[in-house]
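Engineer: One letter stands for each residue in the lines below.
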Amino acid sequence: MTVLRYSRAADLAEAVSAGQEARLLGGGTNLIDLMRKGVERPQHLLDVSRLPAGIDETEDGGLLIGGALSNAALAADPRIRAHYPMLSRAVLAGASAQIRNMATVAGNLMQRTRCPYFADVAGASCNRRVPGSGCDAQGGVSRYTAVLGTSKSCIAAHPSDMAVALVALDAVVCLEGPAGPRRLAITDFHLLPGDSPEKETALAPGEVISGVVLPPSSLAARSAYRKVRDRASYAFALVSVAAGLRLEAGRIAEARIALGGVGTVPWRAARAEALLIGAEPTPELFARAADAELAEAETQPATAFKPELARRTLRAVLTTLAEDAA
Amino acid sequence: MSTLQNVLIGSVRTAVGWLPEGWLPGGRPDPLIGRHGAVGRQSALSDAPEKVTGAARFAADVAVDGLCHAALVHAPITRGRITRLDTTAAEAAPGVVAVVTHRNMPRVDSPALIGLSNPSAVGNSDLPILQDDRVHYNGQVVAAVVAETQAQADHAATLLDIGYEVTKAPTDFATAKASARTIPTLLYEPTQRAEGDAEADLSTSRYAVDAIYTTPWQTHNAIELHALTVIWEGDRLTVHDATQMIAPTATALAKMFGLKRENVRVLSPFVGGGFGGKGFWDHHVIAVAAARLAGRPLRLRLTREGVYRVVGGRSQTEQRVALGADAEGRFTALIHTGTSVMPPYSCSPEAFTLGTRAMYRSGSYLYSQRHADMAVVPNTFMRAPGEAVGTFAVESAVDELAHEMGIDPIELRLRNLPEVHPVTGVRFSQHALDQAYRDGAARFGWAERPATPGERRDGEWRIGMGCASGSFPYVRLPGASVRITLHRDGTAAVACSAQDMGMGTATVQTQHAADRLGLTPETVRFVSGDSDLPPAPAAGGSGQTASIAGAVMAASAKLVGELIRLAGNASPLAGLRAEDLHFDRAGLVAREDPARHESFAAILARANREEVSVTASGAVPMEMFRYAMHSTSAIFAEVRVSDVTGEVRVTRMLGSFDCGTILNPRTAASQFRGGMIMGLGLALTEETLYDERTGRIMNPSLADYHVPAHLDVPPIDVIWTGIPDPRTPLGARGIGEIGTTGVAAAIANAVFNATGKRVRDLPLTLDKVL
Ligand SMILES: Cc1cc2nc3c(=O)[nH]c(=O)nc-3n(C[C@H](O)[C@H](O)[C@H](O)COP(=O)(O)OP(=O)(O)OC[C@H]3O[C@@H](n4cnc5c(N)ncnc54)[C@H](O)[C@@H]3O)c2cc1C
Numbered sequence: 001m002t003v004l005r006y007s008r009a010a011d012l013a014e015a016v017s018a019g020q021e022a023r024l025l026g027g028g029t030n031l032i033d034l035m036r037k038g039v040e041r042p043q044h045l046l047d048v049s050r051l052p053a054g055i056d057e058t059e060d061g062g063l064l065i066g067g068a069l070s071n072a073a074l075a076a077d078p079r080i081r082a083h084y085p086m087l088s089r090a091v092l093a094g095a096s097a098q099i100r101n102m103a104t105v106a107g108n109l110m111q112r113t114r115c116p117y118f119a120d121v122a123g124a125s126c127n128r129r130v131p132g133s134g135c136d137a138q139g140g141v142s143r144y145t146a147v148l149g150t151s152k153s154c155i156a157a158h159p160s161d162m163a164v165a166l167v168a169l170d171a172v173v174c175l176e177g178p179a180g181p182r183r184l185a186i187t188d189f190h191l192l193p194g195d196s197p198e199k200e201t202a203l204a205p206g207e208v209i210s211g212v213v214l215p216p217s218s219l220a221a222r223s224a225y226r227k228v229r230d231r232a233s234y235a236f237a238l239v240s241v242a243a244g245l246r247l248e249a250g251r252i253a254e255a256r257i258a259l260g261g262v263g264t265v266p267w268r269a270a271r272a273e274a275l276l277i278g279a280e281p282t283p284e285l286f287a288r289a290a291d292a293e294l295a296e297a298e299t300q301p302a303t304a305f306k307p308e309l310a311r312r313t314l315r316a317v318l319t320t321l322a323e324d325a326a
Numbered sequence: 001m002s003t004l005q006n007v008l009i010g011s012v013r014t015a016v017g018w019l020p021e022g023w024l025p026g027g028r029p030d031p032l033i034g035r036h037g038a039v040g041r042q043s044a045l046s047d048a049p050e051k052v053t054g055a056a057r058f059a060a061d062v063a064v065d066g067l068c069h070a071a072l073v074h075a076p077i078t079r080g081r082i083t084r085l086d087t088t089a090a091e092a093a094p095g096v097v098a099v100v101t102h103r104n105m106p107r108v109d110s111p112a113l114i115g116l117s118n119p120s121a122v123g124n125s126d127l128p129i130l131q132d133d134r135v136h137y138n139g140q141v142v143a144a145v146v147a148e149t150q151a152q153a154d155h156a157a158t159l160l161d162i163g164y165e166v167t168k169a170p171t172d173f174a175t176a177k178a179s180a181r182t183i184p185t186l187l188y189e190p191t192q193r194a195e196g197d198a199e200a201d202l203s204t205s206r207y208a209v210d211a212i213y214t215t216p217w218q219t220h221n222a223i224e225l226h227a228l229t230v231i232w233e234g235d236r237l238t239v240h241d242a243t244q245m246i247a248p249t250a251t252a253l254a255k256m257f258g259l260k261r262e263n264v265r266v267l268s269p270f271v272g273g274g275f276g277g278k279g280f281w282d283h284h285v286i287a288v289a290a291a292r293l294a295g296r297p298l299r300l301r302l303t304r305e306g307v308y309r310v311v312g313g314r315s316q317t318e319q320r321v322a323l324g325a326d327a328e329g330r331f332t333a334l335i336h337t338g339t340s341v342m343p344p345y346s347c348s349p350e351a352f353t354l355g356t357r358a359m360y361r362s363g364s365y366l367y368s369q370r371h372a373d374m375a376v377v378p379n380t381f382m383r384a385p386g387e388a389v390g391t392f393a394v395e396s397a398v399d400e401l402a403h404e405m406g407i408d409p410i411e412l413r414l415r416n417l418p419e420v421h422p423v424t425g426v427r428f429s430q431h432a433l434d435q436a437y438r439d440g441a442a443r444f445g446w447a448e449r450p451a452t453p454g455e456r457r458d459g460e461w462r463i464g465m466g467c468a469s470g471s472f473p474y475v476r477l478p479g480a481s482v483r484i485t486l487h488r489d490g491t492a493a494v495a496c497s498a499q500d501m502g503m504g505t506a507t508v509q510t511q512h513a514a515d516r517l518g519l520t521p522e523t524v525r526f527v528s529g530d531s532d533l534p535p536a537p538a539a540g541g542s543g544q545t546a547s548i549a550g551a552v553m554a555a556s557a558k559l560v561g562e563l564i565r566l567a568g569n570a571s572p573l574a575g576l577r578a579e580d581l582h583f584d585r586a587g588l589v590a591r592e593d594p595a596r597h598e599s600f601a602a603i604l605a606r607a608n609r610e611e612v613s614v615t616a617s618g619a620v621p622m623e624m625f626r627y628a629m630h631s632t633s634a635i636f637a638e639v640r641v642s643d644v645t646g647e648v649r650v651t652r653m654l655g656s657f658d659c660g661t662i663l664n665p666r667t668a669a670s671q672f673r674g675g676m677i678m679g680l681g682l683a684l685t686e687e688t689l690y691d692e693r694t695g696r697i698m699n700p701s702l703a704d705y706h707v708p709a710h711l712d713v714p715p716i717d718v719i720w721t722g723i724p725d726p727r728t729p730l731g732a733r734g735i736g737e738i739g740t741t742g743v744a745a746a747i748a749n750a751v752f753n754a755t756g757k758r759v760r761d762l763p764l765t766l767d768k769v770l
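Protein chains in written order, with our numbering: chain L, 1 to 326; chain S, 1 to 770.
For reference, chain L alone in the conformation it holds in the complex (with noise of 0.2 angstroms):
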């Protein structure tokens, strides 16, 4: 780890202008673990954690949250508790209090995979880390890796709590650079793997993420977020299911789910939600949404009960929000 300078930007300007060639640095708890790991050899770090850190009401109702607020503070904000419950409880699911408390929302959602072989720079290929050098997680140990949205070239799972959940809320990140200020949606924030996984973001060279805006949401107060590992705490999600489900005159009149440990992005269940929109809310109905959402999932042998444990998630969490809804 040689870290030749370090330095804190007061502001987005000076953030984005000293960002040029430097490496942001939220709370630290990815970066500088990387960095430990030799993954990550930054020349320069940039102290971003001092950038604006509120949560603001926005004209139409919804909130803008500073990219470098905490995960706690986010989770223990009463509008997100309230308004957004899924959102708090998917932070809340991750990591443990005293990582939540110095990570950061734009750093949670830069977060690097938690895949074994990404980490491991003596013993391991990977085309993430080293584009071109192949992929040891194929036929390796696999338990945490993806199942949709896989390549020939990677199959890391992205693993943010949040980010599934601010993907289900069809949250818009606001980013600030060299060019002036521009907003994105997150599911187009992260890229799928494809044939250059280390491109793992829309962010552009010398951006930096100022916000992300939650948009006004009428199912929002009523959604869910169900994180499924083996340790009870403390542990990345094998499956998560966030969900939010609205009906009217007993049909769905508008859902939103997003699945995380299954996919390479935070993965936006756009196929399932198309079959209950406008669907009368049944048991057959959730199951053929969750067996349309992972129908195309591939599998390691480690990783076979995945597409069986995201359809079994699936439908329970979509069955509960149908009965309080109801």
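Stretch-level coverage of chain S by chain L, calculated; a stretch enters the list once three of its residues show a Cβ under 8 angstroms from a Cβ in chain L:
hint : region
1    : 645-651
2    : 704-712
Which chain S residues stay away from chain L? Per the calculated CB distances, all over 10 angstroms, these:
hint : residue
3    : Y188
4    : D235
5    : R265
6    : I463
7    : A619
Taking lysine to aspartate or glutamate and the DMTMM-like style, the derived pairs with C-alpha atoms no more than 20 angstroms apart in a straight line are:
hint : chain 1 : residue 1 : chain 2 : residue 2
8    : L       : K37       : S       : D154
9    : S       : K177      : S       : D761
10   : S       : K255      : S       : D530
11   : S       : K255      : S       : D235
12   : S       : K768      : L       : D230
13   : S       : K51       : S       : E224
14   : S       : K168      : S       : D132
15   : S       : K757      : L       : D230
16   : L       : K37       : L       : E198
17   : S       : K168      : S       : E692
18   : S       : K177      : S       : E692
19   : S       : K757      : S       : D458
20   : L       : K37       : S       : D704
21   : S       : K768      : S       : E460
22   : S       : K768      : L       : E308
23   : L       : K37       : S       : D161
24   : L       : K37       : S       : E305
25   : L       : K152      : L       : E296
26   : S       : K757      : L       : E308
27   : S       : K260      : S       : D235
28   : S       : K255      : S       : D532
29   : S       : K558      : S       : E611
30   : S       : K260      : S       : D530
31   : S       : K168      : S       : D133
These aren't lab readings, by the way, just hints derived from the structure by calculation.
Where is the CB? At the ideal position from N, CA and C, for every residue including glycine.
The hints should help you fit chain S with the ligand onto chain L, whose structure is shown.
Structural biologist: The following block gives chain S with the ligand in isolation, referenced to the frame of chain L:
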């Protein structure tokens, strides 16, 4: 370990069998048994304030002037040779003091492997340590970098340029199993034991179960990382270590580095968890050698990943248990065989069939184990080695048989409890597992368990109960010695090189010595953790308390003689012999006439002495040969299993223990609970994941290797029979490891009761339940 050893152990057994009872130490029960004194009372850890306030200095906390720091470089290949080794860049890096490789490492012999024949042997591996260009397993240390700061050492360690030629190595269990070997001895027992034709009896049994059970690799994860602070002064060596074998480590280092034993001092007053992992490993030798090369005091602390790569753990096992029973449920055949991994360079045979041999009687039986050779970090002893995983197999099988027969699993167990050791025919010194079961079942509410699986539920959560027996042998290690010093101010110090890894050794021996010497615990000080003190054996086999207690007994007997001599003719005790006296009221008292008493202070004052001191070793542990001595337990678990996800959550556990006298309920309860939590980890989440293609451990961190988190650990109730064992010092047997045995089976049996699903492969993760 050899055939010779078997013969020796066998002949000692026979010889001891002829001896009249009175000859045996322990033939007359320890007079302290049943006395109400300090022993048996709740007492907090004597070093708790130091630990809680941070005043305790662990091995990596010791402040030394001019300290330099070391970082290790591990081979990323599994077997082969170093073909290129360029240290130029590392040597030129800022702060670097020395780079140690096989080229400049002093020539040292490998340590002797741990074994019964040599109590001071410490080696977990007998591979050469940085002596040549060979790599035998993935992660083996190939270099160490020493620098002014830890960060500089860590950085420079990444700059070594090392090339390897890779050769083929056994890295997958299925292949290695095919050529597994059988060694003659499993610790203290012949590997093979058979009576009758168990296979034939099995096939004609009224009821039978026959299944394969598998358990995973596990890694030691004590909270304190392994560390040494090494100081050379000429040919004197001081090592602040985190170790559970203080005196043996000093002896081994003296031998390896050609030093006089008295010139080597190993200090380890605080150890942040041992569990079998804080033994002697390559980093000891490398740190000591690197400090000598650097010419400076040096600290080496393993990283967490370093612990995974340097320190072995519990071997994976594949076990077959077959049980046959007649119509009344009496076992007609019992087969327990299987394979674990033990590379030729390691010494821990993961003796999973040993516990079973003492647990059940059966018309015929067959016990045997094989050892597969794999290229792995040398496997070692891990809390309840053998029994932790062996009880999973046999106690699952018993549950399966009970289910097949339609009888209560506790009832089936009680019908097959042995009266004498089923294999050796030797009498038990004390054995009340039946009572432990009755007490445990009543307190746990076992009667509420539906016999048919899958009947209880709460929403999507199915609820089940299971139980299992645990077992662990009593050990009193030879060679424990203590020094007792009485001071003129009426206080006493008891000293030996014992190691306290947080269990409460010092606390309990203080209570013990107080009772033994007729003092109060406030006036006794137990001093340990230093190899300059009279040597104690390694803390292992749950044997430290009994071993040291035996030495305290011997030393206190010697002390009586010494005090009589000092007391002289002017003493009220004049004319009495040692056997006429006992310790009481801070002095000696005549047995026949309690009025004849003289305090230690008075004796010393008259003799004009500041103190009197004696050193003695415990008697040879003949009781172990004469009796079958085992701590046993009945473990109960209640689980909830999600119908949706297969997640298993343990909601409560109870351990009911039969371990002789409980010396300190508070420290004992912590030992039992801690042991059970390790059993919980074995049952549900812990697994060292080797990439079987390469032999590399892929989850060397606490984020990826899942020990139980707080939320996984339910309320754990612990109770005990407290019946003293008349053949041991204080009536106590070991309690350190028994807690880990039986737990995995109790949980797996509870999962079966909840769901009707039998999982025979640990850890019991949700995909196996789905
Ligand atoms: C043991 C452990 C367990 C965990 N368990 C979970 C879990 O169960 N679920 C889960 O979701 N997460 C889990 N995490 C991950 C945790 O959520 C992330 O480490 C954390 O959210 C990262 O946030 P940070 O601020 O510390 O990021 P940092 O480590 O500071 O940075 C991470 C990345 O974000 C970039 N970055 C930071 N700020 C910005 C910005 N403003 N704009 C652009 N890029 C930026 C950095 O350059 C870096 O590449 C776990 C972590 C650990 C260590």
